[in-house]
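K.L.:
One line per chain: the protein sequences are A and B, in this order.
What the first sequence shows, in our numbering, is residues 1 to 337, in sequence order.
What the second sequence shows, in our numbering, is residues 1001 to 1210, in sequence order.
Derived from the structure by calculation, the hints contain no laboratory data.
From the three backbone atoms N, C-alpha and C, an ideal C-beta is built for every residue, glycine too.
The reader is advised that the hints may include incorrect statements.
Listed next, with one range per pair, are the computed distances between beta-carbon atoms [as the list claims (entries may be wrong)]:
hint, chain 1, residue 1, chain 2, residue 2, range
1, A, Val-32, B, Ser-1015, 41 to 49 Å
2, A, Gly-7, B, Gln-1128, 53 to 61 Å
3, B, Asp-1026, A, Gly-67, 51 to 59 Å
4, A, Gly-67, B, Leu-1192, 26 to 34 Å
5, A, Phe-46, B, Gln-1128, 30 to 38 Å
6, B, Arg-1135, A, Trp-317, 36 to 44 Å
7, B, Ser-1032, A, Glu-291, 19 to 27 Å
8, A, Gly-140, B, Gln-1128, 43 to 51 Å
9, B, Leu-1193, A, Glu-28, 23 to 31 Å
Cβ-to-Cβ under 10 Å is the rule here; a few derived chain A residues that face chain B [claimed, not checked]:
hint, residue
10, Ala-60
11, Thr-64
12, Gly-104
13, Leu-105
14, Tyr-107
15, Phe-135
16, Met-141
17, Ile-200
18, Gly-201
19, Met-313
20, Lys-314
Next come the chains, spelled out residue by residue.
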Amino acid sequence: MEGVRVGKRIIGGQSPVTIGWDNIPKVEGGPVKQFVFTWFQPTVLFALIAFWYYAPNSIAKASTAIGIGIGFKVLLLCLEWAFPRHESWRLTWKELATDLFYVGLGYTILRLVEDYIGDGAMIEAILRQFDWDKFAWFMGMPLLLQAFLIAFIFDFGQYWMHRGMHNWYPLWLTHSVHHYITQLNINKGAVGNPVELFLIGLGIGGFFDFLPRAALLAGAFGMAIGTYQHINVRFNTPRWWRFLFNTTEHHSLHHSQDFEASRSNYSNTFIFIDRMFGTCVDGEAELLGMEGGRRMSISEQMTFPFTEGWKTMKEKWGKEKWGSRPHLDDATAIPAE
Amino acid sequence: MNSRFINWIWQVRGSLALAPGQTSDDVFDRLSPLFRQTGTSHQRTGDSLTFRKKDPAAQDKMSVFDGGVLQIERESAGAVLHYNLNSRALLLCFLAPLLFLGFAQLTILAGKFEKPPVESSDPAKKAQEEAKKARMEAAKMIQNPIDKALGAPAPEKPKKDKAAEEKGKKKSPTSAYVFAGIFAALYLVGRLLEGRLVNSLFRKKLAGVG
Chain A
1 MEGVRVGKRI IGGQSPVTIG WDNIPKVEGG PVKQFVFTWF QPTVLFALIA FWYYAPNSIA
61 KASTAIGIGI GFKVLLLCLE WAFPRHESWR LTWKELATDL FYVGLGYTIL RLVEDYIGDG
121 AMIEAILRQF DWDKFAWFMG MPLLLQAFLI AFIFDFGQYW MHRGMHNWYP LWLTHSVHHY
181 ITQLNINKGA VGNPVELFLI GLGIGGFFDF LPRAALLAGA FGMAIGTYQH INVRFNTPRW
241 WRFLFNTTEH HSLHHSQDFE ASRSNYSNTF IFIDRMFGTC VDGEAELLGM EGGRRMSISE
301 QMTFPFTEGW KTMKEKWGKE KWGSRPHLDD ATAIPAE
Chain B
1001 MNSRFINWIW QVRGSLALAP GQTSDDVFDR LSPLFRQTGT SHQRTGDSLT FRKKDPAAQD
1061 KMSVFDGGVL QIERESAGAV LHYNLNSRAL LLCFLAPLLF LGFAQLTILA GKFEKPPVES
1121 SDPAKKAQEE AKKARMEAAK MIQNPIDKAL GAPAPEKPKK DKAAEEKGKK KSPTSAYVFA
1181 GIFAALYLVG RLLEGRLVNS LFRKKLAGVG
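In isolation and in its complexed conformation, chain A is listed as follows:
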């Protein structure tokens, strides 16, 4: 496989990828379908922004956001079922059950743990010492700017945490599990080792709980943009959208079986962060996963970082005793950057 030169890198030398927006297939079908799948994403985004901007205080609550979030995911699941992007990514009962298991962990036990040792506990401790006068300048800014800054700061942190996971072996061990998914579906973002899910959940969200409307607007950005990362639906995404925001195309490349391709597109919501730091590659891939697309069982997903870490440590320290120093590269889980 020859691959394509992108900057100094050859992308797609190990596994097929499509590079460049002009080479990506368009939505097939009649004018109505074309229209819907061109305007669906911007319409939902602007409708949500308008909703949270103008909703009366009695409606602008977290419970409403949860309701909208669930409804939106169900709608996207229906779209995946009716208009799959790739037949090879079709949601089966087993895939759905696996994905929902991880979604369930996120809403229950992980949330409980995060309350005690996650960002929730830390932020609460910091906020107790906080003097609100010093924050008035932020609260005096226009709502949309506040919302954008909350979403951007959060995504900026996520970008570096994610990039760190692809660069530093101990973090990669926890994140590698997520890269064993072999197809993208709406809930696949939740799939991963709980240690990684805990780490990726760390953020600054809790700092802005006291700004309900701005936090809800920031959440709407995440929902109406970030959710499409793991969707099995093809959209004719507008040019400005794919320049600013992460898309399923970008993220499929990140999940590609091609090592170099997986070293790109780290952001969650704003792909321009990747553009800023030179890690953005525009394109898509269908063949996803690690080790040639081996699907990992849930039990292996739970234990992999530990068993793999133990293996590596044994290899490193065990052999060193006998005078030879093995290469970490021999381990199965190689950091993807």
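Given the coordinates of chain A, assemble chain B onto it according to the supplied hints.
P.N.:
For chain B alone, coordinates are given in the frame of chain A:
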């Protein structure tokens, strides 16, 4: 206890009448593409075929099963293919509601151990905290003139509803109950759906369709 009373949880059994004159070799040859998948091993001995799967691909049409036996029996009415398939995924899905009910209990337990924040007895400190609270309330009321001009609702002072506030702060097991329900429903759907799908898959392969 006889395992037959409970193994319907993870076992899918069924049978298909074979066309008159169809030999075992012909039947298993037609079904063989299903067992030539990644991570699948199988063995044919006369009228029976045994298979095992490890980490099957997501799109493997039989990925929900970990192993099983297909047996051809010659009966008076003609030859019949009987199958008995095991699924760890179905068993785990059956047990998942128990796990989430466990999480619900854990959440309730954690809530019981949670102590309410201790109010300072020192009057100077108390006054300081009150002032801080007041400053926060005032800061929350700020609205940018642009938002005002565009007609966004002005921030409201939160109503002093202590009971609701306490309720909101308490750890809630609701999501764990919801997921227990989701997995109970998912099990029922999966048990029926996967049974039907595998039956139709075998039927189509035997008929030479798909």
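K.L.:
Give a verdict on every hint.
P.N.:
Results of checking the hints against the structure:
The beta-carbon spacing between Val-32 (chain A) and Ser-1015 (chain B), approximately 46 Å, falls within the hinted interval of 41 to 49 Å. The given range of 53 to 61 Å is respected by Gly-7 (chain A) and Gln-1128 (chain B), whose C-beta atoms sit roughly 56 Å from each other. Asp-1026 (chain B) and Gly-67 (chain A) have their C-beta atoms about 56 Å apart, which keeps the hinted 51 to 59 Å range intact. For the pair Gly-67 (chain A) and Leu-1192 (chain B), the supplied restraint of 26 to 34 Å holds, since their beta-carbon distance comes to about 29 Å.
Distance hint for Phe-46 (chain A) and Gln-1128 (chain B): a CB-CB separation of about 45 Å, inconsistent with the stated range 30 to 38 Å. Look at Arg-1135 (chain B) against Trp-317 (chain A): about 55 Å separates their beta carbons, and that is not inside 36 to 44 Å. Roughly 26 Å separates the CB atoms of Ser-1032 (chain B) and Glu-291 (chain A), a value that falls within the hinted 19 to 27 Å. Restraint check, Gly-140 (chain A) to Gln-1128 (chain B): a C-beta distance of roughly 24 Å breaks the suggested window 43 to 51 Å.
Range check, Leu-1193 (chain B) to Glu-28 (chain A): Cβ separation about 29 Å, and the 23 to 31 Å hint holds. Interface hint status for Ala-60 (chain A): upheld, as the beta-carbon distance to the closest one in chain B is roughly 8 Å, under 10 Å. Look at Thr-64 (chain A): its Cβ only gets to about 14 Å from chain B, farther than 10 Å, so that hint breaks. Taken as an interface hint, Gly-104 (chain A) checks out: its beta carbon lies about 4 Å from the nearest beta carbon of chain B, inside 10 Å.
Taking 10 Å as the C-beta contact cut-off toward chain B, the hint placing Leu-105 (chain A) at the interface holds, the least distance being around 9 Å. For Tyr-107 (chain A), the interface hint holds, since its Cβ comes within 10 Å of a Cβ in chain B; the closest pair sits about 4 Å apart. Given the 10 Å rule on beta carbons, the hint for Phe-135 (chain A) holds: about 6 Å separates it from the nearest Cβ of chain B. At a threshold of 10 Å, the smallest CB-CB gap from Met-141 (chain A) to chain B is about 6 Å, leaving the interface hint in force.
With a least beta-carbon distance of about 19 Å to chain B, the hint placing Ile-200 (chain A) at the interface is violated under the 10 Å criterion. Hint status for Gly-201 (chain A): violated, given a least beta-carbon distance of 15 Å to chain B, over 10 Å. With its C-beta approaching chain B no nearer than about 25 Å, Met-313 (chain A) sits outside the 10 Å limit, and its interface hint is violated. Because the smallest distance between the Cβ of Lys-314 (chain A) and any Cβ of chain B comes to about 23 Å, over 10 Å, the interface hint for this residue is violated.
Hints 5, 6, 8, 11, 17, 18, 19 and 20 from the list above are not met by this structure, while the remaining hints are.
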